[in-house]
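Peer 1: What follows is the residue order along each chain.
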Amino acid sequence: MQVFQADVEKSRDFLYELFKRNTSDEATDWLNDKLEKVKGANSARELYWAFSAAPRFVGKTVLQLQESELSKADVLRPGFNPSKWTTDQTARTLLLLSIPHQDQNEFLHKLNQLFSTAEMGELVALYASLPLLPYPGDFKLRAAEGIRTNMGTVFEAIALDNPYPADYLDEGAWNQLVLKTVFVGKPLYRIYGLEIRSNPTLARILSDYAHERWAAGRTVTPELWRPVGPFLNAFLMEDIKRVFAHPEQIQQEAAALACSQSNFIPAKELLEAHPVLKNKIETGELNWNYIGRKSLPAN
Amino acid sequence: MAPEKMMFIDPHIHMTSRTTDDYARMQEAGIVAIIEPSFWLGQPRTEIGSFKDYFSSLLGWERFRASQFGIKHYCTIGLNSKEANNEALAEQVMELLPLFVLKEGVVGVGEIGYDDQTAAEDKYYRLQLDLAKEVGLPVQIHTPHRDKKAGTIRSMKVAMEHGIKPHMVIVDHNNEETVKDTLDGGFWAAFTIYPNSKMGNERMVEIVKQYGTERIIVNSSADWGVSDPLSVPKTASLMLERGIPAEDVRMVCYQNALDAFGQSGQMNESDWLQPANVDQRDKFQDNSVLRGGQTPVVGEFKTRNELKENIVK
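Chains as they are written, first to last, in the numbering used here: chain A, 26 to 324; chain B, 716 to 1028.
Keep in mind that the hints are not guaranteed to be accurate.
Claimed, not checked - Think about it this way: if two alpha-carbon atoms lie no more than 16 Å apart in a straight line, the pair counts; the simulated EDC-like pairs of lysine to aspartate or glutamate are:
hint	chain 1	residue 1	chain 2	residue 2
1	B	LYS848	A	GLU71
2	B	LYS767	B	GLU806
3	A	LYS97	A	ASP38
4	B	LYS720	B	GLU962
5	A	LYS205	A	GLU181
6	A	LYS135	B	GLU810
7	A	LYS85	B	GLU819
8	B	LYS720	B	ASP899
9	A	LYS109	A	ASP99
No lab work stands behind these hints, which were simulated from the structure alone.
Taking the hints into account, I'd like the entire structure generated from these sequences.
Peer 2: Laid out in structure tokens, this is it:
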């Protein structure tokens, strides 16, 4: 059984420095006091109170991160990206990382209590903290539940800029995460590990979804073809041809990118037939992140 | 000030058991904010999970539902007196309360106190007073229907014993018999206006005439029984009609509730002074307040009627 996915001590030090730099002395004093109290084994009440009350003492400002800090986060835990975190969320995560974790049952009991009684802001903090928590394997079902939510901010906390799902979800739950991100109009390029976790079933599901949209006379986000590209076959090629024929340039660019990911001969041939786009892909001018950012306003 | 321009707070109303039509009419009548105390549901809960989901719904779905009509929703969290008598369950509720009392928008521990005035009620009332004191929240007290005067005095006495300052205690469901003791003790005296029981709005007018406006609060306690979610604006209207100055009406139907529960630090006028931006296209966990074919209101929720159309004589 895996106990750690990130060094708890180092994660705590890193987040603490970020927190301190982004908030007032009073807020830091408040948090110091609470972190100390939470460390005790019989401290459930202290934890629950501090966890709920954090925003009123530390505010809800978005952290201002430097480039070097972002890289440091990624070294600490591959894929960890707190660039959109807020001060209350950071304080809450620091509280979670200060809970004694030697006793697995005790630790999980406290986390389960917090999850099952959380309101929206608390759920955001809980789901976004998943990549740092001990006993990562024990949060698979929680993460899958987070994907089912229809609270936008909560869904984003689990699906976007979060490496936990790519590392721990089983294929069914992972596919639901990707499909739902498309479904609710959020950006796919912010899903960590999208390419690594792509699979033939997901490609088939996304194609079916595109057909449903087309049947209803609707458009499909060009990002949808990103996880489809590596699995192109005779059937999926028909979709890609259709996307190539779309009048919007971004759709054609997406089709070209999908072809460039594939070893399927007809896909390679189709890309050859669009030399300008092929060239842009080869020079790196055209890539999926560019498509994601460009299509964002439409999302 | 004309009544339709006035803002009201109903600091005690159980919206869980009311409809969206109530919300729409309350908003039209000038209610800008409400407090929903935790209470029983008309029949006892038998499992701890029911409490957990109920508390969560006060902070989640109900707050969302109110926002869809431009009303700011707060709540108080507590184990009510009737259900304190199921001790096995009460113990579990007490373990749950620390997870909820400091959440955003929780403005007090309530409503707690006595119903039958049993030993179990006394035990859990006291434990919850300690909890309120520990987290620095106001206490909202439910006073008993039977043996009311003695029960009210006892509630206040016990609160004092636990070191709670009277200004942190809102004593609900007062009447002519209890008001003097409540005010003399330095507590907030809240009055519930019920059609046909508790306190009528004509009697309320007389109480304000006699006792003034200091620490007096009007509420509806509207729930699943025969009750009226417009009790506060209707009483305000009657007060104005009977010659009580508008400023006094503002105190008992708005400001005092804000001052009392504002002590939680969780309720500020700025929360609702911006024109309410309603977007009924929003959903909460995939649920909408709208039903098939209805057009969502987006932007400011517009008053359709004058207040007087809401008054039932």
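Peer 1: Does each hint fit the structure? Answer for all of them.
Peer 2: Status of each hint after checking the structure:
no.: 1; hint: LYS848(B) x GLU71(A); result: holds (15 Å)
no.: 2; hint: LYS767(B) x GLU806(B); result: holds (13 Å)
no.: 3; hint: LYS97(A) x ASP38(A); result: holds (12 Å)
no.: 4; hint: LYS720(B) x GLU962(B); result: holds (13 Å)
no.: 5; hint: LYS205(A) x GLU181(A); result: holds (11 Å)
no.: 6; hint: LYS135(A) x GLU810(B); result: holds (12 Å)
no.: 7; hint: LYS85(A) x GLU819(B); result: holds (12 Å)
no.: 8; hint: LYS720(B) x ASP899(B); result: violated (33 Å)
no.: 9; hint: LYS109(A) x ASP99(A); result: holds (14 Å)
When the structure is compared with the earlier hints, a violation turns up for hint 8 alone.
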